[in-house]
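Chemist: Protein chains in written order, with this note's numbering: chain A, 1 to 505; chain B, 1 to 245.
No lab work stands behind these hints, which were simulated from the structure alone. Being a predicted model, the structure only gives us computed values, none of them experimental. Hints may be right or wrong, so weigh each one.
The calculated lysine to any residue pairs, modelled on SDA-like cross-linking and capped at a C-alpha distance of 20 Å, are [claimed, not checked]: (1) B:K49 - A:V111; (2) B:K120 - B:D110; (3) B:K49 - A:A110; (4) B:K49 - A:D122; (5) B:K49 - B:P74; (6) B:K49 - A:R354; (7) B:K49 - A:R353; (8) B:K49 - B:R67; (9) B:K49 - A:D108; (10) B:K183 - B:Q32; (11) B:K49 - A:P109; (12) B:K49 - B:G60; (13) A:K385 - A:R353; (14) B:K49 - B:R13; (15) B:K49 - B:L77; (16) A:K385 - A:R354.
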Amino acid sequence: MLSFLAERRVELAGLVVQHLILVLLSTAVAVAIGVPVGILLTRKRRLARPVLAVAGVLQTIPSLALFGFLIPLPFVGGIGARTAIVALVLYALLPIVRNTYTGILQVDPAVSEAATGLGMTDGERLRLVELPLALPVVLAGVRIAAVVSVGTATIAAAVGAGGLGTYVFRGIATVDTRLILAGAVPAAILALAVDGLLARVERSHRPARAAGLLAAFLVASLLGLAWSERADSRHPRVVVGSKNFTEQVVLGEILAAALEDRGFLVDRRLNLGGTTLCHEAVRSGHIDVYVEYTGTALTDILGRPAHGDREAVLREVRAGYAPLGLTVAAPLGFNNTFALVTRPETSRRLGLRRLSDLAPHAESLRVGLFGEFIERADGLPGLMKTYGFRLAVPPTEMDLGLLYTALLADRVDVVVGSATDGLIAANDLVVLEDDRHYFPPYDAVPVVNRASLSAHPGIEAALAALAGRLDEAAMRRLNLAVDGAHRSPAAVAREFLRASAPSPR
Amino acid sequence: MTPAATLADVTKRFPGGALALDHLSLSVPQGQILVLLGTSGSGKTTALKTINRLVHVDGGQVTVLGRDVQTWDPILLRRSIGYVIQEVGLLPHLTVGENVAIVPRLLGWDVARRIAWARKLLELVGLDPDRFASARPRALSGGERQRAGLARALGADPPLLLMDEPFGALDPLTRRRLQDEFKALQRRLGKTVVLVTHDVPEALRLGDRVAVMHAGRVVQEGTAQEIREKPDAGFVSDFLAAALP
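Taking the hints into account, I'd like the entire structure generated from these sequences.
Modeler: Below is the structure:
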């Protein structure tokens, strides 16, 4: 574990800094909005209940849903830190607004009245009496917001904002406990540190001065960071995205490395939270390119019925994407169709080899799948209809990366994975054959924003050079190198590009 | 001489509908101490607060320095009236010196002038400025806090002081000493004072005039001597008899 951390210390330090920036910025913005709102509520008491209710509801919105809303929006949306900060601010508002409001209201009414009796205007009373006396309570609210933010900021990685969530997501995607811990443990330490620091401010003899000093220090360090960031953001960059599972991350790294080999500066926004997120991001130009699967594009994004003809599906997707401003490049070579996977002993015991073998045993099987599969047009409902089975136990929804962990731990009997999952080969798992050809083809194709193609003409050639270079076996090997041997996706991608480079004639 | 303040036929209803002040009339003579004496709930504190507009009257008229308080800017009105209340009046997050200088601060005096003035006021009420100016209110004894509260009320050198149970929370010995000192100070400075108390000996000791209040009305008014020697039959006699040995 120590050598594991030592290897990654530079990256880890970078992620910690990113994480801190996310927390600081979002907490600062939440204070700038929340404290005035809390003050306003003490002046317009009738608004208090509805406003606090809204702030409470905001906290209950799941983060991925919130990102889904935010990404297409102008100004606040997009891919990256801004969207993450907007979400974190929304989550942080409640404790700050509520504590400001209750902090001011709990000031002894006799003290407030004495202040009025001395001839203070409303503003003077607020500034000289109520806010100073409410300060410990307000600060407690800020502390809660900041500490919670340290935890929630891990989800920022889902919109490519970085932070320690990057390790957590990557670790989950590649079933690598060390990576998960490398993200989760520093996040917990950060939370404790932030809590301790703010508790000291709260308890100091002059909380106002301490809070002011801390704020000044933070603003200064943020300005410094912004300045240093600015320096290297001048060159035009190509932004590569990916969804949040191993294969996608590897493909993202392959695209990125291939582009870098042609002299592009590349920003990696890998591990984005899912199909919709990636699609919205490439459509709105927040990323330039990511790899999609033709079947997913056809049914999930374009909302058209699935069918089995690979060429026709590709044509249909190209035609459907053109009006969206998206260009579909040549397929990379492999067809990553859905795979229902089971343990070898289960397969032997029940005689499960094909999907049509499922029907007699469906009553007793525990199925694990990722949420998307329940909703998708080419997902579970159609599958059950085609193969004529019903599940007695409702399927368990899990993150993609946790499915195999659950299967190997005998928590579920069948999981919905994909044909190129490296863990299938590594554990001799059995893929049930799609004997009635239910699943449409899932050819991997880079999807590029057309505006990016004209801005960076070299992209087209770089993508063309990748066409047809990855078959299913190769993809499964790359996935296994990451999931099984715990090698970094970037290294695996580099190695693949070197090994499969077309030999010079 | 015009009275420093008057209440004429003043009524005040509480939200529940009960009458807190029932056609109350009072006159506060300049340079004297008028004591409003009564049990809790008699309306004495409410009456006091109509003078600095902390309570808005429903009927009748309140004047301060010859002018209807409705025509005063309430902020200006309050800054021209000193206000002393029991215990809680000092702002706990400010030093004693800052508390004493708060009204001058609101009036925009510069820091140096404020500090010098606060030290002078602390001396006036018998608090050593070197010891107390930078102390926090919670470090003070009850008597010291009352002295500081009085110093603060004198902050803008107002002609009129309103005092609500200023000596209420003190032990008998300290209370007695502060009462005597206060009376001497009032004589020296010539301030007009309206003082609210439920303590009969205090009322009789401090008041040039005493108005006994009951159920939102003045039931008897006169000099301290008149009240002591010729209390009206009924409430006033009972109240005095219960309080005096």
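Chemist: Would you pick out the hints that fail for this structure and give their numbers low to high?
Modeler: 6, 7
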